[in-house]
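Student: Please build the complex by placing chain B on the supplied structure of chain A, with the hints as guidance.
Sequence lines, in order, name chains A and B. Take the first sequence: its letter number 72 is residue 688 in the numbering used here, and every next letter is one higher. Take the second sequence: its letter number 104 is residue 133 in the numbering used here, and every next letter is one higher.
Just so you know, the hints here were simulated from the structure itself, not pulled from any lab data. Treat the hints loosely; a few may be bogus.
Stated by the list, open to error - If you want the ones that stay clear, here's a sample from chain A, every Cβ over 10 Å from chain B, calculated:
| no. | residue |
| --- | --- |
| 1 | Ile-623 |
| 2 | Glu-631 |
| 3 | Asp-634 |
| 4 | Gly-657 |
| 5 | His-658 |
| 6 | Glu-683 |
Unchecked claim - Listed below are the simulated DSSO-like cross-link pairs for lysine-lysine, each with C-alpha atoms no more than 27 Å apart in a straight line:
| no. | chain 1 | residue 1 | chain 2 | residue 2 |
| --- | --- | --- | --- | --- |
| 7 | A | Lys-715 | B | Lys-99 |
| 8 | A | Lys-715 | B | Lys-82 |
| 9 | B | Lys-86 | A | Lys-652 |
| 10 | A | Lys-720 | B | Lys-40 |
| 11 | A | Lys-686 | B | Lys-86 |
| 12 | A | Lys-715 | B | Lys-86 |
Unchecked claim - Chain B is nowhere near these chain A residues, computed Cβ spacing over 10 Å in every case:
| no. | residue |
| --- | --- |
| 13 | Thr-636 |
| 14 | Val-671 |
| 15 | Val-726 |
None of these values were measured; they are calculated from a predicted model. For glycine and all other residues, C-beta sits at the position ideal for the given N, C-alpha and C.
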Amino acid sequence: GQQVMQIPQYQHVQEGEDFTTYCNSSTTLSNIQWYKQRPGGHPVFLIQLVKSGEVKKQKRLTFQFGEAKKNSSLHITATQTTDVGTYFCAGRSGGSNYKLTFGKGTLLTVNP
Amino acid sequence: DAGITQSPRHKVTETGTPVTLRCHQTENHRYMYWYRQDPGHGLRLIHYSYGVKDTDKGEVSDGYSVSRSKTEDFLLTLESATSSQTSVYFCAISSGAYGYTFGSGTRLTVV
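Just chain A, same shape as in the assembly:
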């Protein structure tokens, strides 16, 4: 079945440093979504990417979808303590309109 791999598993940064998490799928995706889960909380939808090569920005967050639609990345510029949490990517393949396959997530901790 479809697999979505996400690296790194953990990342610790100093406040102000940049952060990137990467997501790779074993199959071509129709779209990819990103979620953030604060410690003790539930996943919250951030964004969806659909087009090959698509780049979207949300303030300090930049999301990219690869040309082959099999990989994606989330980059945070100048991290803040409010960025702490686990970031998940989730992919949907063309044949599974109802289901997302989640990566295992990257836990980001930020040292003030």
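Tutor: Relative to the frame of chain A, chain B by itself:
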């Protein structure tokens, strides 16, 4: 998030007992999902529903059953709870167009 609630929020139960978790939505979304979250495993799909009485298995469905008799409610039943089912359970809803909205979760401990 507004529009989706899970109950109970916490539960401790004994091995071998049946347990039912409830997910209720007020968004009239077609799709509903049950995930479990465990350290090192991320979010794993247990069962999902694409309409009333339309359900299907996810990747970790053994030992679980679901029912959806009306649009707003999706029930997850652990038929005979085991310690390996100690986990945090999340329900999610989707219209199919965009992202999922997750409930606040149920922390289940099987002793």
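Student: Does each hint fit the structure? Answer for all of them.
Tutor: Here's how the hints hold up against the structure:
1. The claim that Ile-623(A) is not at the interface with chain B holds, since no C-beta of that chain comes within 10 Å of its own (minimum 13 Å).
2. Separation of Glu-631(A) from chain B is adequate, the least Cβ-Cβ distance of about 26 Å exceeding the 10 Å criterion.
3. Listed as a non-interface residue, Asp-634(A) keeps its Cβ farther than 10 Å from every Cβ of chain B; the least gap is roughly 24 Å.
4. Annotated as non-interface, Gly-657(A) brings its C-beta within 10 Å of a C-beta of chain B; the closest such distance is 8 Å.
5. At roughly 4 Å, the least C-beta separation between His-658(A) and chain B is not larger than 10 Å, which violates its mark as non-interface.
6. Against the 10 Å criterion, Glu-683(A) stays outside the reach of chain B, whose nearest CB is about 23 Å from its own CB.
7. Between the alpha carbons of Lys-715(A) and Lys-99(B) the distance comes to roughly 20 Å, so the proposed pair stays at or under 27 Å and holds.
8. For the hint pairing Lys-715(A) with Lys-82(B), the CA-to-CA distance comes to about 17 Å; that is within 27 Å, so the pair holds.
9. With a C-alpha separation of about 25 Å, the suggested pairing of Lys-86(B) with Lys-652(A) holds against the 27 Å cut-off.
10. For the given pair, Lys-720(A) sits about 25 Å from Lys-40(B) by alpha-carbon distance, which is consistent with the 27 Å threshold.
11. Our distance criterion of 27 Å between C-alpha atoms is met by Lys-686(A) and Lys-86(B), whose separation comes to about 25 Å.
12. Distance hint between Lys-715(A) and Lys-86(B) is fulfilled; the C-alpha atoms sit about 11 Å from each other, no more than 27 Å.
13. At roughly 19 Å, the least C-beta separation between Thr-636(A) and chain B is larger than 10 Å, which holds for a residue marked as non-interface.
14. Remark: the non-interface label on Val-671(A) is consistent with the geometry, its nearest Cβ contact in chain B lying 18 Å away (cut-off 10 Å).
15. Listed as a non-interface residue, Val-726(A) keeps its Cβ farther than 10 Å from every Cβ of chain B; the least gap is roughly 20 Å.
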